[in-house]
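Make the full structure from the sequences, and use the hints.
Sequence order for the protein chains is A and B. Under the working numbering, think of the first position of the first sequence as 226, with each following residue one higher. Under the working numbering, think of the first position of the second sequence as 0, with each following residue one higher.
Read the hints as simulated data drawn from the structure, not as lab findings. Since the structure is predicted, the reported quantities are computational estimates derived from the model, not experimental observations. Every residue gets a Cβ at the ideal spot worked out from N, C-alpha and C, and that includes glycine. Some hints here could point you the wrong way.
[Unchecked claim] Partial selection, computed: residues in chain B whose CB lies under 7 angstroms from chain A:
#: 1; residue: G66
#: 2; residue: Q101
#: 3; residue: N251
#: 4; residue: T254
#: 5; residue: S258
#: 6; residue: K261
#: 7; residue: I538
[As the list claims (entries may be wrong)] Just so you have them, the derived chain A footprint on chain B, three or more residues with Cβ under 8 angstroms:
#: 8; region: 421-428
#: 9; region: 479-487
#: 10; region: 549-561
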Amino acid sequence: MAAAAVAANGGGDGAQASNAPAPTRLASVYSEVQTSRLKHALPLPSVLRSPFALADGPASSAAGNPGEIAKLFPNLFGQPSVSLVPSPEPASTRPLKVGVVLSGGQAPGGHNVICGIFDYLQEYAKGSVMYGFKGGPAGVMKCKYVELTADYVYPYRNQGGFDMICSGRDKIETPEQFKQAEDTVNKLDLDGLVVIGGDDSNTNACLLAEYFRGKNMKTRVIGCPKTIDGDLKCKEVPTSFGFDTACKIYSEMIGNVMTDARSTGKYYHFVRLMGRAASHITLECALQTHPNVALIGEEVAAKKETLKSVTDYITDIVCKRAELGYNYGVILIPEGLIDFIPEVQKLIAELNEILAHDVVDEAGAWKSKLQPESRQLFDFLPKTIQEQLLLERDPHGNVQVAKIETEKMLIAMVETELEKRKAEGKYPAHFRGQSHFFGYEGRCGLPTIFDSNYCYALGYGSGALLQCGKTGLITSVGNLAAPVEEWTVGGTALTSLMDVERRHGKYKPVIKKAMVELDGAPFKKFASLRDEWSLKNHYISPGPIQFSGPGSNDANHTLMLELGAEA
Amino acid sequence: MGSVAMDSDYGVPRELSALQKARALYRPDLPPCLQGTTVKVEYGDAAIAADVAGAHVISHAFPHTYGQPLAHFLRKTAAVPDATVITEHPVVRVGVVFSGRQSPGGHNVIWGLHDAIKAHNANSKLIGFLGGTDGLFAQKTLEISDEVLSSYKNQGGYDLLGRTRDQIRTTEQVNAAMTACQALKLDALVIIGGVTSNTDAAQLAETFAESKCSTKVVGVPVTLNGDLKNQFVETTVGFDTICKVNSQLISNVCTDALSAEKYYYFVRLMGRKASHVALECALQSHPNMVILGEEVAASKLTIFDITKQICDAVQARAEKDKNHGVVLIPEGLVESIPELYALLQEIHGLHDKGVSVENISSHLSPWASALFEFLPPFIRKQLLLHPESDDSAQLSQIETEKLLAQLVEAEMNKRLKEGTYKGKKFNAICHFFGYQARGALPSKFDCDYAYVLGHVCYHILAAGLNGYMATVTNLRSPVNKWKCGAAPITSMMTVKRWSRGPAASQIGKPAVHMASIDLKGKPYELLRQNSSSFLMEDIYRNPGPLQFEGPGGETKPISLCVEDRDYMGRIKQLQEYLEKVKSIVKPGCSQDVLKAALSAMASVTEMLTIMSSPSFSGQATI
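As structure tokens, this is what we get:
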């Protein structure tokens, strides 16, 4: 492939125009399905199909600590959320210069957000220029960008991944970094910047918006809700894009594993699923496939479960199933499970402290520095997990939760418990655990029809908000249970989603992660069914995502239940 | 399966998703030769083994079933004068058993067989054995009906009947099978499986023939591995689906690699010893590298050679600022690496001698012991597992991808330290794609192919054939051009001599051996032609999730489509030419015609004699 031309801290518009970048993808090698998706025209909410104006909602507050949020965002706090409404008079149009950046992990549909912004500008603000920042926020700071043209954007329509401009996990947070961002947007004379990201990235978007507004700069900043984990949502922002696609890919695989388990009848499959904080993916996959066990981290925390009690819960079900003659099963585990178990959190905190100051000696003398209950827990853990906790660290020296193979840990612990029960004559069967981690293969799939449509609407909506001069908003598309034409489009004040957290003695603004609500419709439905699922085999195999035929337009259970569109 | 509750889990109506329900309504078409209720069969010549050198060994081992003719099933209106027409269809009782790993489409073989049996005589019965071969031995049965089938049509898995041991081999097992067939008065036993199961089917057919048991044994080529492949069998049921599902996941990982730009993904693929799945997935998704077991074996690469090969690729890509990539690894690779294979052989030999797992390491020979100690603990533990029923290692449990990733990481770190590599730190993420693909909803192709094979089984029974495998050729064409027939399983056998330890027998045993990738074949050639651009240019291709309607719904394996194979059709065509020559060159024809015929036949015969000699054919490998 031809490398995309990347201008770094240089090159005027003239030079750019004469040196058009080539996309990093070749549509000529696309499969039949990719090609058909590429050519598929997307529907839009009807409010975006004809002249519109912005209608202001009431003044906004904050999710928590409004006083502190007001201090942190003096120029933005309190601004109303807005919605697009049909208008006899079209909004005034002028060419815009817009930058877009992908931030954080990949989520299917990101390319369609970019295409939506691009198409909006082509349609409503002719003569506009759009830039994609390479490699996420780092591209904004270092002024690494590519000009997006129709030809450049084309191969990415309705395709998964973030490789059009790539993503990154850097954060714009120091004064120097804000200055770098300022220099970049001034150099490119940006009217607007769209930040496509999760909760942290959208918080950052709001900080940028505040900074730019505080300096009386013309650059507006709009956020878009991305994350497969599903933990960026609220009443006004019903879901983040990518969640629908990722859950359907994982559920396809889980359903296949269930069919496999039943065919052989001798394996318990422990499936770890992405979701470092919230367990939305695990819950949604459970609703789609009906596993024998699904652990929901938030419930584990609420019930103050220990590793032992979680192990016993699984073991009890294994034993009951054995009595019924079933020696197979499927168990779903959220990636961040151990973060929900306070004793594990305590152990990890203690380990972080010890390892920050001491060397771990082979003899184990370092263990005396642990609190008695933490030591007991550490000794209770399987050896491989003990090693993981000690040896694998992230760049900041902390335990990398994502790399802990929780599913293998649980298999080993269940195995140990079953051996004990067998010795006591309580378990006559033979347990075999098979571990799985469904992660990276689900976050870059071809987006579902829902995600494709939702992302395109988010992109178009972002363009509309920028054109109307709004800043510090997150694009919001609602009424998602209805056909696309009836979806609503607007922007929600980012400050209204915020609370503060105390970090290093300072108040920091954060968009609260949406955790699984134990009194929410999705969890309640799951809780009402799981006992039956545990002993009977109500497995459901959703099969692969379809782009035509029955069910191809359906959105996920979580969204439909939360919208009240599904019982 | 001792428990009653366990058996009651097989064949019960399943709950289906919306898509599964839609799929259950799909009805595959039949090619013309299977339509209607007339069975028309043309017999070809006696089918010889392709393995010429082993023919005498095979015929000696299978005196009753070797040398039977090929069978071609014809449409009712076909103008073939010497075809046998069967119009009377007595009541029959047919048993069916799953033997071998579950493969998407297996259920449709049973559905097709059931439909064929009932279409020809409504009083005939299809009897499924619950729990696979163990169910056969124990005579645990379920009568198949439309009601039973309703939630299994076009569905994945083997949970209609289940599977267990996947072996009918020991004298005890064979006797139990014969006892079951006689007790249940079976006219036929259909065995659905891969190379090992079909070898067992052939042996069973021979035993039945010798014992004058009236049950005919029929094999059906179903295996996700794609390694039951020969002149009669173009591909197996399940292979298409497994490759499509895996390729969806692989290509998503490729896109992830391209998006994050900092990880190498090592993806191991289920598919047993041969690398057919890995090759097909590479052709569908265009990963940067695929390590084929057959290439490794042919070049006698060590684990260190492979590591170096990957490291050199990582370095070359890093020089172009690419710090990501995707490497596909077939699960059978561990048995293709000579020193690892030899180590496995020693370990399995010690298992056979009854040495306990804890003590095996101290019984290894010096070189094997040194290699064993070099390997990380997780791999050692996995290599110590007992072999599968077909005597190969438990490949699905051996995390070769992690071993390679660790070795590559160590080597790249070493180069970084030495200064020979100046790129970014190497980061690897490992995946195994296996269980989540083999339980998949079968593709349209697999549904069609399996359903047709089920019908072919009935035709084999109607023709009174024993020890045959159902075949369908010309598969890359639409269904209405598929050629249906049957080939003696013995004609697919080869004889290989091998030794495990000094005490093992030196006498080769005939078997349907797995087909390795043909390193001179078109699919492999296609990969080779593209391998350098796959390696460096990141031209990843995403087949997308398997589609049942609309674009992508009709696709078939690339390795099937690039090969031009219709062996059964061509054998028939050749016979037609021979018949035509016979009818033209009769006593009384002109001298010129006779001379021309003799000249042409002499040169054809000479060429064919050379081609079929052992020194020419690679199949006589010892």
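How the hints compare with the structure:
The beta carbon of G66(B) comes no nearer than 37 angstroms to any beta carbon in chain A, farther than 7 angstroms, and the hint placing it at the interface is violated. The closest approach between the C-beta of Q101(B) and any C-beta of chain A is roughly 4 angstroms, which is under the 7 angstroms cut-off, so the hint is satisfied. The beta carbon of N251(B) is positioned within 7 angstroms of a beta carbon in chain A (closest approach about 5 angstroms), and the interface hint is therefore held. The interface hint given for T254(B) holds, since its Cβ lies 4 angstroms from the closest Cβ of chain A, which is under the 7 angstroms cut-off.
With 7 angstroms as the threshold, the beta carbon of S258(B) comes within range of chain A, its nearest partner Cβ sitting at about 4 angstroms, so the hint holds. Restraint check, K261(B) versus chain A: the minimum CB separation of about 9 angstroms is more than 7 angstroms; hint violated. For I538(B), the interface hint holds, the least distance from its beta-carbon to any beta-carbon of chain A being 5 angstroms, beneath 7 angstroms. Three residues within the 8 angstroms Cβ limit are the bar, and the region 421-428 of chain B against chain A gives 1, so the coverage statement is violated.
Only when three residues or more bring their CB closer than 8 angstroms to a CB of chain A does the claim for the region 479-487 of chain B stand; here the count is 0, and the claim is violated. Chain A is given as covering the region 549-561 of chain B, and this holds because 4 residues of the stretch bring a CB closer than 8 angstroms to a CB of that chain, at least three being needed.
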